[in-house]
Amino acid sequence: TAFMAVFISEWGDLTQITTANLAASNGTWSTAIGSAAALMSVSALALLAGKFIAKRVPLKTVQRIGGLCMLGLAIWTVVEIFTG
9 TAFMAVFISE WGDLTQITTA NLAASNGTWS TAIGSAAALM SVSALALLAG KFIAKRVPLK
69 TVQRIGGLCM LGLAIWTVVE IFTG
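If you count the sequence shown from 1, you need to add 8 to reach the numbering used here.
By construction, these hints were calculated from the structure, which means they are not laboratory data.
Treat each hint with caution, since some may be false.
[Claimed, not checked] Here are the computed distance ranges between Cβ atoms for each label pair:
1) 46 - 67: 38 to 44 angstroms
2) 85 - 59: 27 to 33 angstroms
3) 15 - 36: 15 to 21 angstroms
4) 68 - 44: 31 to 37 angstroms
5) 81 - 36: 21 to 27 angstroms
6) 36 - 92: 35 to 41 angstroms
7) 81 - 33: 28 to 34 angstroms
8) 23 - 72: 26 to 32 angstroms
9) 10 - 86: 26 to 32 angstroms
10) 65 - 37: 40 to 46 angstroms
11) 81 - 42: 26 to 32 angstroms
12) 75 - 12: 19 to 25 angstroms
13) 37 - 73: 36 to 42 angstroms
Ideal Cβ placement from N, Cα and C applies to all residues, glycine included.
Given the sequences, and given the hints that come with them, work out the whole structure.
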């Protein structure tokens, strides 16, 4: 589900660590409301962009571009491991 995809991808992310730091220094409720609003805003932008792209670009092309991006990130990570 979309909930699980976002939940798992955000777990341990820098955003979560930043939110925890903000909650510790600025208060729980204001941080909860602000972080929820930010995540909803980012999700809304992703939905709008996805809808826009889906109408103009075939799904197979989007999947291939996404795969190439992931491959590029994997290669970059491996290079960084060996070159420091």
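Outcome of the hint check:
no.	hint	result
1	46 - 67: 38 to 44 angstroms	violated (29 angstroms)
2	85 - 59: 27 to 33 angstroms	holds (31 angstroms)
3	15 - 36: 15 to 21 angstroms	holds (19 angstroms)
4	68 - 44: 31 to 37 angstroms	holds (35 angstroms)
5	81 - 36: 21 to 27 angstroms	violated (34 angstroms)
6	36 - 92: 35 to 41 angstroms	holds (39 angstroms)
7	81 - 33: 28 to 34 angstroms	holds (32 angstroms)
8	23 - 72: 26 to 32 angstroms	holds (28 angstroms)
9	10 - 86: 26 to 32 angstroms	holds (30 angstroms)
10	65 - 37: 40 to 46 angstroms	holds (41 angstroms)
11	81 - 42: 26 to 32 angstroms	holds (29 angstroms)
12	75 - 12: 19 to 25 angstroms	holds (21 angstroms)
13	37 - 73: 36 to 42 angstroms	holds (40 angstroms)
The structure shown violates the earlier hints numbered 1, 5.
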